[in-house]
Amino acid sequence: MNAYFISAHDFKPFITRLIEARRVIGPVAKRNRFTFERVTRAEDLRLDYDVTILPPKKIFFPPVQDLVHFEGERYAGCIEAEPQVLLGVHFYDVKAIDMTDQLFREKFADPNYLAAREATTVVASNVQRVSDAAFWGSIGADVAPKGHDAFLTMIETGYVFETRTPKGAALLEFGRFRIAEKSEVAAADRVNAEILEKCPERIDHPAEAVAKRLWEVFGDEALWEKLAEDCFSCGSCNVICPTCYCFDVQDRWNLDQKSGARARSWDACLTQDFAQVSLGAGATENFRESRGERFRHRFMRKGAYLNKKLGGPACVGCGRCSQACTADIASPPKVINKIMGAAR
Amino acid sequence: MGKPTVAFFDFACCEGCQIEMTNLGDEAFLELLNHIDIVEFREAMSETTKEPIDIALIEGSFTREADRARLEDIRRRAKVVIAYGQCATTGGINALKNHQKDYKEFVYGHAAGMPHLASDSARPISSVIKVDYNAFGCPVSKYEVLQIISHLVHGKEPVIPDYPVCMECKRRETVCRYHEGDHCLGQVARAGCGAPCPASGIPCEACRGFVSDPNLASLKKVLREEGGLSERRAETKALMFTANETAGRPA
Numbered sequence: 083m084n085a086y087f088i089s090a091h092d093f094k095p096f097i098t099r100l101i102e103a104r105r106v107i108g109p110v111a112k113r114n115r116f117t118f119e120r121v122t123r124a125e126d127l128r129l130d131y132d133v134t135i136l137p138p139k140k141i142f143f144p145p146v147q148d149l150v151h152f153e154g155e156r157y158a159g160c161i162e163a164e165p166q167v168l169l170g171v172h173f174y175d176v177k178a179i180d181m182t183d184q185l186f187r188e189k190f191a192d193p194n195y196l197a198a199r200e201a202t203t204v205v206a207s208n209v210q211r212v213s214d215a216a217f218w219g220s221i222g223a224d225v226a227p228k229g230h231d232a233f234l235t236m237i238e239t240g241y242v243f244e245t246r247t248p249k250g251a252a253l254l255e256f257g258r259f260r261i262a263e264k265s266e267v268a269a270a271d272r273v274n275a276e277i278l279e280k281c282p283e284r285i286d287h288p289a290e291a292v293a294k295r296l297w298e299v300f301g302d303e304a305l306w307e308k309l310a311e312d313c314f315s316c317g318s319c320n321v322i323c324p325t326c327y328c329f330d331v332q333d334r335w336n337l338d339q340k341s342g343a344r345a346r347s348w349d350a351c352l353t354q355d356f357a358q359v360s361l362g363a364g365a366t367e368n369f370r371e372s373r374g375e376r377f378r379h380r381f382m383r384k385g386a387y388l389n390k391k392l393g394g395p396a397c398v399g400c401g402r403c404s405q406a407c408t409a410d411i412a413s414p415p416k417v418i419n420k421i422m423g424a425a426r
Numbered sequence: 024m025g026k027p028t029v030a031f032f033d034f035a036c037c038e039g040c041q042i043e044m045t046n047l048g049d050e051a052f053l054e055l056l057n058h059i060d061i062v063e064f065r066e067a068m069s070e071t072t073k074e075p076i077d078i079a080l081i082e083g084s085f086t087r088e089a090d091r092a093r094l095e096d097i098r099r100r101a102k103v104v105i106a107y108g109q110c111a112t113t114g115g116i117n118a119l120k121n122h123q124k125d126y127k128e129f130v131y132g133h134a135a136g137m138p139h140l141a142s143d144s145a146r147p148i149s150s151v152i153k154v155d156y157n158a159f160g161c162p163v164s165k166y167e168v169l170q171i172i173s174h175l176v177h178g179k180e181p182v183i184p185d186y187p188v189c190m191e192c193k194r195r196e197t198v199c200r201y202h203e204g205d206h207c208l209g210q211v212a213r214a215g216c217g218a219p220c221p222a223s224g225i226p227c228e229a230c231r232g233f234v235s236d237p238n239l240a241s242l243k244k245v246l247r248e249e250g251g252l253s254e255r256r257a258e259t260k261a262l263m264f265t266a267n268e269t270a271g272r273p274a
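These protein sequences, in sequence, are chains A and B.
Numbering follows my numbering, with no gaps: position 103 of the first sequence is 185.
Numbering follows my numbering, with no gaps: position 63 of the second sequence is 86.
No wet-lab data here; the hints were simulated from the structure.
Don't be surprised by glycine CBs; every beta carbon is placed ideally from N, CA and C.
You may find that some hints are simply not true.
Computed beta-carbon distance windows for the label pairs [claimed, not checked]: (1) B:I225 with A:E200: 35 to 43 Å; (2) A:K264 with B:I225: 51 to 59 Å; (3) B:A67 with A:P165: 32 to 40 Å; (4) B:E248 with A:A111: 37 to 45 Å; (5) A:K112 with B:G48: 27 to 35 Å; (6) B:K26 with A:R187: 52 to 60 Å.
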């Protein structure tokens, strides 16, 4: 890993040249929020964003995506893998990308995800503004982000650009970079360490204790039903989650009735019919019928089931679920702190 | 199903859902005619039929006992019956009158006593005959109807969403109405429309009705506390397209 420096003055020309040369995706404003979009003008890039509505998983795993196109008996997979630069990913979202990388690679490797992932250069950037639901300062502290190709940190005089991979280093040619001074690297480290203390929300318990407690209260039906009382089963907390990766697959016919597509779209385990399965002969069963069961499932997935596999909780503290839940019952800090205190 | 015969029928409605199909435009509509044989479609042709039909699309709600025989006749003749549009699937906007007494005077003034205005409460088609599939919406989604028909043509089971509009807003990354100080019914409204209204800055009115298990107690609370609606407004807000579901179905 090498550290470089680019002055504040040279930064915008760097972005402009990058946009001219590559397809660049970055945070931009959308009404009063932010989203990752194709950036076509340097001035649209908003590295001062707090959090985006959807996490960057949508770049590798789009909300709706054709998997196969067919015509009569012929069919072909459709994998899009245009080279691109995903710029301005906060460290918590990099952690989530590491997790979806692992989850989409295991067993039945997902070629669509992996192709888009490999075609993308991920440039992380430091958090300049903290979202009012963020709790990334107190979760998964021992899980280091590692899936990025470079990390950009704004310091007083400009930006420190730490390259982690050859893909990241390949971007150096677009800007007036020089080797960073030790003091500049130290300043960047300080910026990234200090921000960890700035989250408005926190989970006051280590991940192992939370996982243990979740298993203990698993059978406490009344607790889960109470927590889920106001749940709309709308699935918002799932689909905006950077580590949720479930999808539904359906066929779509074109007008000619010969050709069409098999497409997938994001699914959500909080929705009422997610766990409805066929028993054959037209009969169905829903194995997570109540709101409480579905609510519990999300917390088990995020706080217990995947911990061993991922090396930590499947939650990175972005707070998107807390914000997306109109009933205000999804916030992990609130729910976990409540569960940790629930009568044994 | 080969080239199925398809017929549109209408009861108490504006027939806008029939018009919506013609909005597919010449090219798409003419291509569709290569795959289905439309035998009755009052908004687009003069011919009618008394013959058996493969797919009956029934628009409008049931508001008159006198319509029962016609509905039963359609059911007898049709292999597949689709309740077509919100009036047919739940009673839709017509069901607003089920909970009002003075609507005729209010709307028609001194003509309120005209005999053709006499009708009973508005009910879904399924209250009279067995319905195989629902094409929800006010109006229907023409693209969804195309998929329903395509699936039937290919002998597949059509898939009708039973999750809320929030999912579709999130998939297209729409800024939540609640995050702009507005209210919305998206949390309980049935998806399938693609959520165009919130994307244009307009709250969802649940024009496709509710999902099958809407949390209405929570909705009232959120409309009041987050959406800033009054107690009474929060109570009546969801009525527009779902009066039969929120205020109870007429006996």
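**Beta-carbon spacing of A:K112 to B:G48 - inside the hinted bounds 27 to 35 Å or not** = holds, 31 Å
**Message:** Just to be sure I understand the hint, the distance between the Cβ atoms of B:A67 and A:P165 should be within 32 to 40 Å; is that true here?
**Reply:** violated, 49 Å
**Asked** Is it true that the C-beta distance of B:I225 to A:E200 lies inside 35 to 43 Å, as the hint says?
**Response** holds, 40 Å
**Message:** Is 51 to 59 Å respected by the C-beta to C-beta distance linking A:K264 and B:I225?
**Reply:** Since A:K264 and B:I225 have Cβ atoms about 55 Å apart, the given range 51 to 59 Å holds.
**Prompt:** CB of B:E248 to CB of A:A111, is that within 37 to 45 Å?
**Reply:** About 28 Å separates the Cβ atoms of B:E248 and A:A111, which means 37 to 45 Å is violated.
**Message:** Assuming the hint says 52 to 60 Å, is it satisfied by the Cβ distance from B:K26 to A:R187 or not?
**Reply:** violated, 46 Å
Taken one by one, the earlier hints fail for this structure at numbers 3, 4, 6, listed in ascending order.
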